[in-house]
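Engineer: The chain contents come next:
Number of protein chains: 2
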Amino acid sequence: MNNCIIAQSGGPTVAINASLAGVLSANMENGYFDTVYGSINGITGILNSKILNLSKLQETIPGFTDKLKVTPAMYLGSCRYKLPKHQDEPEIFDKIFTFFHEHDINAFFYIGGNDSMDTVLKLSEYASEIGSNIKIIGIPKTIDNDLCGTDHTPGFGSAAKYIASSILEIAHDTYIYPVKSVTIVEIMGRDAGWLTAASALARNEYSGAPQLIYLPERAFDENVFIEDVKKLLETNNSVVMAVSEGIRDKDGNYISASATSTDNFGHNQLSGAGKALESLVANRIGVKVRSVEVNILQRCASHLASLTDLDESAEQGKYALQLSMEGKSGVMVTLKRTGDAPYSTQTDYQDIHDTANLVKNVPDNWINKEGNDVTKEMLTYLRPLIAGEPVISFKDGVPEYLDVRHLKS
Amino acid sequence: MNNCIIAQSGGPTVAINASLAGVLSANMENGYFDTVYGSINGITGILNSKILNLSKLQETIPGFTDKLKVTPAMYLGSCRYKLPKHQDEPEIFDKIFTFFHEHDINAFFYIGGNDSMDTVLKLSEYASEIGSNIKIIGIPKTIDNDLCGTDHTPGFGSAAKYIASSILEIAHDTYIYPVKSVTIVEIMGRDAGWLTAASALARNEYSGAPQLIYLPERAFDENVFIEDVKKLLETNNSVVMAVSEGIRDKDGNYISASATSTDNFGHNQLSGAGKALESLVANRIGVKVRSVEVNILQRCASHLASLTDLDESAEQGKYALQLSMEGKSGVMVTLKRTGDAPYSTQTDYQDIHDTANLVKNVPDNWINKEGNDVTKEMLTYLRPLIAGEPVISFKDGVPEYLDVRHLKS
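Protein sequence lines, in the order shown, are assigned to chains A and B.
Sequence positions in the first sequence follow this note's numbering and run 1 to 409.
Sequence positions in the second sequence follow this note's numbering and run 1 to 409.
Read the hints as simulated data drawn from the structure, not as lab findings.
A portion of the hints provided could be inaccurate.
One copy or two, it doesn't matter: identical chains are merged, so the pair holds either way.
[Stated by the list, open to error] In silico SDA-like links for lysine to any residue, alpha-carbon gap of 25 Å or less:
1. 288 x 408
2. 56 x 84
3. 180 x 232
4. 250 x 359
5. 230 x 132
6. 288 x 405
7. 336 x 115
8. 95 x 327
9. 395 x 311
10. 82 x 62
Required output: the full structure, derived from the provided sequences and hints.
Structural biologist: See below:
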């Protein structure tokens with residue numbers, strides 16, 4: 001028997017199931033593996049014997065991979081478990097490889113972000129040490145776009161599309177009253193500002209929102225910020241800005257509310273950068289101001305996915321399968337950009353040591369001199385990633401996704 | 001000449017432009033009015049001479065009404081201006097009717113919520129007093145669904161669809177980790193819980209989220225609430241609840257954070273019901289908990305509009321035109337439900353005195369005995385309103401809406 005097993009891990013994106021669908025579709029085409037198993041809740045499914053037979057689901061559920069491709073979050077569930085070093089806890093690795101052996105597993109695919117790539121690194125090194133031929137392959141995933149070695153990551157394009165579309169709609173909302181107003185949109189991104197940068201894609205011939213963009217890669221100065229806003233208010237009724245949740249001052253302190261807030265149950269609260277800037281603007285400028293925290297909706301809104309993102313994610317899943325057939329191990333699938341106009345990419349791979357535990361930040365020269373916008377290079381880079389809309393089925397007015405009751409207690 | 005003028009007012013919905021499109025389409029069909037004008041920023045456009053020739057735009061911009069129908073927010077801008085009594089400030093009314101006369105205006109259509117209907121009432125009473133034949137007609141609008149005399153309001157169905165779809169996607173997100181968690185989704189609705197009730201439409205065969213729904217029409221009890229949550233956590237890993245921003249205790253106090261919170265700029269902050277309950281759950285139960293504030297996205301997300309809502313909104317705009325042709329004045333267009341299965345409606349109208357300044361709350365017997373869910377009757381009422389998806393054009397990955405630069409300073 002020649003089987004493989006897949007797992008997903010880390011935070012969700014709308015494209016991580018597309019990567020899974022890519023592996024499944026590719027295997028259905030070439031029939032390389034007899035059975036594709038899925039491990040529930042990341043690598044912990046293997047440790048706890050919580051496994052699915054994905055091949056069987058693919059055979060018995062009509063349109064399974066098509067629906068999987070557009071289903072949000074993670075069909076196999078997730079974990080935030082980082083493997084220890086095998087020298088420290090060899091029994092865990094022994095348990096994993098015993099499982100592989102017992103189930104004729106010849107390849108393990110891990111779809112996830114940095115921590116998942118660390119798992120790929122550790123498992124592949126262990127496999128080398130014990131002389132195992134099992135292929136350990138990583139498939140990238142993150143809305144933050146901060147994985148090194150790949151042009152951009154699965155999940156990022158859809159989150160970017162959601163941000164850009166939502167900001168355009170918010171902009172329409174801000175234009176309706178003939179009064180000065182400031183709108184602050186706080187976007188996910190503690191360390192890397194890629195997603196916040198994508199807000200620039202909301203601009204079109206009639207709408208310049210957001211006029212200001214603040215990323216964590218540049219030190220935030222509240223005085224300069226207030227001047228930025230005041231200047232725009234001279235010639236604009238509506239000022240819209242996009243702000244990373246992770247903006248910080250020159251000393252590295254996050255711009256957020258202090259821990260001194262309490263509520264009517266007497267408990268401390270911590271607010272984000274958006275709320276902090278909202279107060280600052282209200283006090284220093286006195287203009288009507290509100291903040292919008294995009295929150296988890298930006299990572300699970302499958303109804304507004306980028307078809308480019310989903311297709312590329314599936315493509316990378318498919319390529320992972322091919323890599324295992326070619327005998328590669330200890331590698332991560334990557335995407336190389338081969339052209340901007342027209343946009344074109346090519347799947348590739350790199351040694352896992354070149355990816356795991358590194359962070360790709362926005363290059364400083366893709367942020368403008370003033371630190372409140374992004375450059376043309378950034379827009380050229382971003383634009384193709386949000387193109388195209390998948391067909392989503394609706395039933396009784398709500399999207400029709402894959403049944404995930406197997407994840408519930 | 002036989003002209004008319006339209007204005008929009010109050011808070012935006014994704015359907016208020018569909019109502020406007022309905023009037024324009026109907027007039028293009030029957031050619032009753034020579035010119036349809038638009039007043040910018042509600043009734044204040046008439047007072048400040050900020051007017052658009054909508055008929056000309058309809059003739060010169062290809063696909064104008066189709067694109068208008070799906071464009072979010074308000075094409076004519078808005079105002080939050082409530083007319084004074086004409087006995088108090090007769091010069092304002094005189095100015096308005098002089099404008100009507102000078103422009104051969106024979107009908108004024110006001111699309112909006114309660115305050116707008118109050119304007120319709122005042123203008124129509126003044127018209128009667130001075131013996132004017134100008135028809136003053138209201139077209140309803142609100143995401144809150146709290147206008148009396150109509151089965152449901154334009155804008156509500158789309159906001160409900162957005163809530164239901166988003167909660168389903170959030171639910172998928174909550175299922176991924178094998179740990180107990182509570183997710184609180186705070187939804188707009190200070191006084192009426194219709195929109196929060198619509199969260200129930202997110203439930204399907206595999207997902208029961210939200211398992212708890214709290215509306216402002218029932219007194220909120222924190223102890224009962226904690227018991228509700230604890231009970232569900234016994235048999236569910238993920239507990240998702242929908243909460244109106246306007247929930248209050250039995251003494252009428254809003255459940256929200258106190259005004260004692262400050263941020264690192266030293267300013268007071270006020271948090272919502274969602275954040276307050278998040279603290280309560282964290283303290284009393286100690287489970288992983290987060291709150292999501294849907295915020296303005298629920299009222300401007302045209303990419304997820306309900307086609308039923310848009311069609312009905314356009315239908316009501318069209319009927320308003322017909323009413324003016326029939327010589328009616330001082331009335332509001334309404335919608336009567338003529339069937340649940342299959343769902344059917346009929347446009348109607350009612351005297352403006354029966355609507356203005358009244359609020360339609362959720363009937364008490366549509367909330368369950370325990371005060372934490374809605375009944376079957378509510379679901380039967382809600383379900384048809386979110387059906388159908390309009391075709392939205394995308395350009396470079398973002399929705400293509402009508403140019404609204406005429407609203408900007």
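Engineer: Give a verdict on every hint.
Structural biologist: Hints, one by one, checked against the model:
no.	hint	in the structure
1	288 x 408	between (44 Å within a copy, 16 Å between copies)
2	56 x 84	neither (33 Å within a copy, 70 Å between copies)
3	180 x 232	within (10 Å within a copy, 46 Å between copies)
4	250 x 359	within (20 Å within a copy, 51 Å between copies)
5	230 x 132	neither (64 Å within a copy, 47 Å between copies)
6	288 x 405	between (45 Å within a copy, 21 Å between copies)
7	336 x 115	within (22 Å within a copy, 56 Å between copies)
8	95 x 327	within (23 Å within a copy, 83 Å between copies)
9	395 x 311	both (24 Å within a copy, 18 Å between copies)
10	82 x 62	neither (35 Å within a copy, 57 Å between copies)
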